[in-house]
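Turn these sequences into a full structure, and let the hints steer you where they fit.
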Amino acid sequence: MSRSVAPTSRIALFRRANPALLCWAGLFAVALAVFATASVLRLGDLSPRFSESFLAYGLLPRGAFALLAGAALGLSGALLQRVLRNPAADASTLGIGSGAQLALGAATLFFPALLAEGRFLVAFLGGSGALLVVLALARLREYDPVTTVLCGLVVSLVCGALSATLILYGGDYMLSLHLWGGGTISQSGWRDSSLLFGALIAAILAALLLSRPLTLLGLSDESARGLGAGVGLVRLSVIAIATGLAATVTAAVGIIGFIGLMAANLARLSGARTVNAQLLAAPLMGAVLLFATDAAVLLFETLTTTSLATGAVTALLGGPLLLWLLPRLAHRAGPALSVPVRDIAHRRLALALLLAAIPAAFVLSLVLKPAMDGILLDLAAIEALSPLRWPRLLAGASAGAMLALAGTLLQRLTGNPVASPEVLGISSGAGLGLAVLLLFAPFAGTGPAFAATFAGSLLSLAAILVFARAAGLGPERLLLGGIAVASLAGAGVTLVMARGGPEASRLLDWMSGSTARVGPGLALAEAAILLVLLPLALLAHRWLSLLALGTPTARGLGLSPERAGSALITLAAVLTAAATLAVGPLSFVGLMAPHLARVAGFRRPADQLLAAPLIGALLMIVTDTAARSLAFPYQLPTGLFAALLGGPYLVVMISRQRR
Amino acid sequence: MTGGPPLGPTRRAALAGLAGLGGAALLGPGAFAAAAIGLQRKRGAGEAGRGFAVVDWALLETALILGLEPLAAPELVLYRRLAVEPPVPSAVADLGLRGSLSFERLALADPAIVFGSNFSAWAAPQIEAIAPFVTYDLFLAGEPPLSNIEAMTRDLGDRFAVRARADRQIEETGALLGACRDRLRAGPFRDVLLVDLGDAHHVRVYGSDSLFGDVLQRLGLPNTWEGGTRYSATAPVGMEVLAEFPEAFLLVVGPVPPDAGRAIETGALWQALPQVAAGRMAVLPPVNAFGALASARRLSRFVTAALLGERQNPEGATIRRSVRS
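From first to last, the protein sequence lines stand for chains Z and F.
With positions in the first sequence counted from 1, the corresponding number in this note's numbering is that position plus 3.
With positions in the second sequence counted from 1, the corresponding number in this note's numbering is that position plus 115.
Just so you know, the hints here were simulated from the structure itself, not pulled from any lab data.
All of these numbers come straight from a predicted model, not from anything done at the bench.
There may be inaccurate statements among the hints.
As the list claims (entries may be wrong) - One side only, chain Z facing chain F, incomplete, derived with CB under 10 Å:
no., residue
1, E55
2, A387
3, G524
4, R566
What the hints assert, rightly or not - Derived DEER-like restraints, expressed as beta-carbon distance ranges:
no., chain 1, residue 1, chain 2, residue 2, range
5, Z, L539, F, P240, 38 to 44 Å
6, Z, V366, F, A266, 45 to 51 Å
7, F, R269, Z, P115, 39 to 45 Å
Each residue gets a CB set at the ideal place from its N, CA and C atoms; glycine is no exception.
This is the structure in structure tokens:
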């Protein structure tokens, strides 16, 4: 940790008796020993002739690829963190991995020929597409680190749900994507390793060329510009290099979570202070980290003869690091959402119209023809179909209203326009609950499944609240706990899914947000929960108004901001948990409805709290109708469909806002 | 679909009967099936004329070989690509994904009864609101499934008064498997290992409790794989486990993902695999792993053709042998 480490020279880094470096060297030595042990054990069972080949074309390339991929992800993470001035930036937190995975899945299904030659290009395009969306969203808040990571999580969730849908529609043929989504580093030749080696060398050279402007980028944009760096061009090329590295790894072995995040942060902690030292240390540490993880996985696989996704294991390791890191992020307060909206003119009339639109849409949806090959059903068909339709519609509308309420509470409370129930970690916890149940009872019925999802949401809610209390965090920081819980739970779900049995397709179905399994009982329960919680949420408008005046004022007016904050967060979490049971982990309604209400002119907390749930319910009725009709008889998952409507809407809204 | 039969009191009677069935369902699938049979008999032959639906591919192919045409069946787009035979008449309505059935289309098809397997049991609450739902336990861990499949075939035969046809199908399947067994006895290969590919590095091995494993058993080809399985196939394992059985003939059931296909053809590790190096490997066209008698026959034809070195199976589907020999 000594300050006198000569930063530009690798030799100098090693010459000093730096305790951190000794630790790293020790970890590498242990990992080598584990790798060797696992290899010897594994080769022992094989015939001598094949064991030679397996060592040469299976095990050695695997070790080499783990080292190279770790280095590539470490470098990618260091570059991204530098250029975005965000210590939580990484290929996995910014959605690059999920974007690449989605593009590869779509190519497998629709353009298999493209995949044979252009695999890496497809992954790069997907990864950079996802990153572009994340950055476009994060621009709103001046690339504030927390907002950027929130956007990355949202984009990852949407890409994940889309991939899940592709897998479901592709049938068994897409099994490869299951495995691959978790990032297994198995190799059967040197092709991937040599490709990655080339990419890594090129990237290192480019990074070295850019190291001077990169140093300047660490300062503020103004000073960098003043010192003559072409800020935009440098930033763009650095992001392209980082994306290219991550996409290359993803194209070869799938998503390897959080290696870049860990490597770059540990590099700083180990005493790499300058840009050059970081660009050198992060890849080295990434290589050691991934190699060590994969060696442990290899040993585990050999001893238990099961296969385990290395990428999900690294995500399990990375989750706690994120938890530790996030509260330490610099908070860059961006401008609050400032669309010049006026208060809506006829407030009561508008609310009444919204309220009336819901039953109208509900009834219309009940009597529409299923395949859009006409408009209205005949009476007999209405009698046959209504019992199937109303539970979905009622559950969807109730869930939409609850998510909208939760979103309004969270956005008002944190002042962060990207805050939404989807990123609170509750829904991911619900998924983990379902995954654990299916692990032990793959054919579990609907009842136990709902019980398990609810238990999962409650547990993750408890975890978030405990974390928040322990760290004494404000509401904004609470979102961070949500991100970490979401990452951990996501890794757990991936591990279960990689087993590939019937439980995998059940999980995929839930992840994609299908309402097909909702029955009358659950629908009525959702409506009842909404009716109980709605008045509570409406009562919160006074607190929200007071909290908006700032902590001292609120305190002066007799409100304890901490207590009010945690009460509102708990309410939002319970609303989310209940909604998740019906519509799955994402819908974007919780993100969209509050914005729509505000843009329409329902600016004051009381108005927004009334309008947002009405809009949310209406949105879910419309999307559920569209989702069941568009590809009839093949049903699109409602939650996913809502997300697909919501994503573009958000980008458009935000780009308008910048003018 | 609007021209479907009108909803009369019969439909309500069915629903009322179903309420009683709820109790029977709790007692187990056997009691449930028995109750459903009773219900159908009570409702008389006129009801059978209203047709039936299936929500599982094993039931679909069984109905078709019995000469019965369901009103609706699931995921026909993928069925035509993966299960292939017997062909599905174009009049059969598609119910959407097996995991996300379109209950609306099922309700509009207005079947008198719906058949499924334990894989479709999850949909029972919704299906039972539409028509009586009979499920058969076909694929259970540790149980060779063919006898369950034969029992299901006979039961369908009884229900639709085509028992003779059902018995003939079972007999013909037995005869085909027996004939293949005799031909294979003269052939050079004893041990086989039947797998499908997850990606270039992972395989799933089909065990004796799978349809594939049971068919191999009846073909006199002992299953070399001794490890446990889950739901018919193992969870994906590294391809190197294949090298533990160097003498076995390696059969890869399609479809093979494009990447994995290239790895088999040119990948260094695959080429070093003892079976591939010795030319003891074949890629078979797709067969439905969770099918019934028709799938069993389809697989046995492909396996026999592959092991006897015939390039073509009787229907002309190509079987690729390993390029090296």
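So, going through the hints one by one against the coordinates:
1. Taken as an interface hint, E55 of chain Z checks out: its beta carbon lies about 8 Å from the nearest beta carbon of chain F, inside 10 Å.
2. At its closest, the beta carbon of A387 of chain Z sits 5 Å from a beta carbon of chain F; the interface hint therefore holds under the 10 Å criterion.
3. For G524 of chain Z, the shortest C-beta to C-beta distance to chain F is roughly 9 Å, which falls under 10 Å, so the interface hint holds.
4. Hint status for R566 of chain Z relative to chain F: violated, with the closest Cβ pair at about 43 Å, above 10 Å.
5. The supplied range of 38 to 44 Å is broken by L539 of chain Z and P240 of chain F, whose beta-carbon atoms lie about 31 Å from each other.
6. Hint check: V366 of chain Z to A266 of chain F, Cβ distance near 47 Å, so the stated range 45 to 51 Å holds.
7. Checked against the hint of 39 to 45 Å, the C-beta distance between R269 of chain F and P115 of chain Z comes to roughly 42 Å, which is consistent with it.
Taken one by one, the earlier hints fail for this structure at numbers 4, 5, listed in ascending order.
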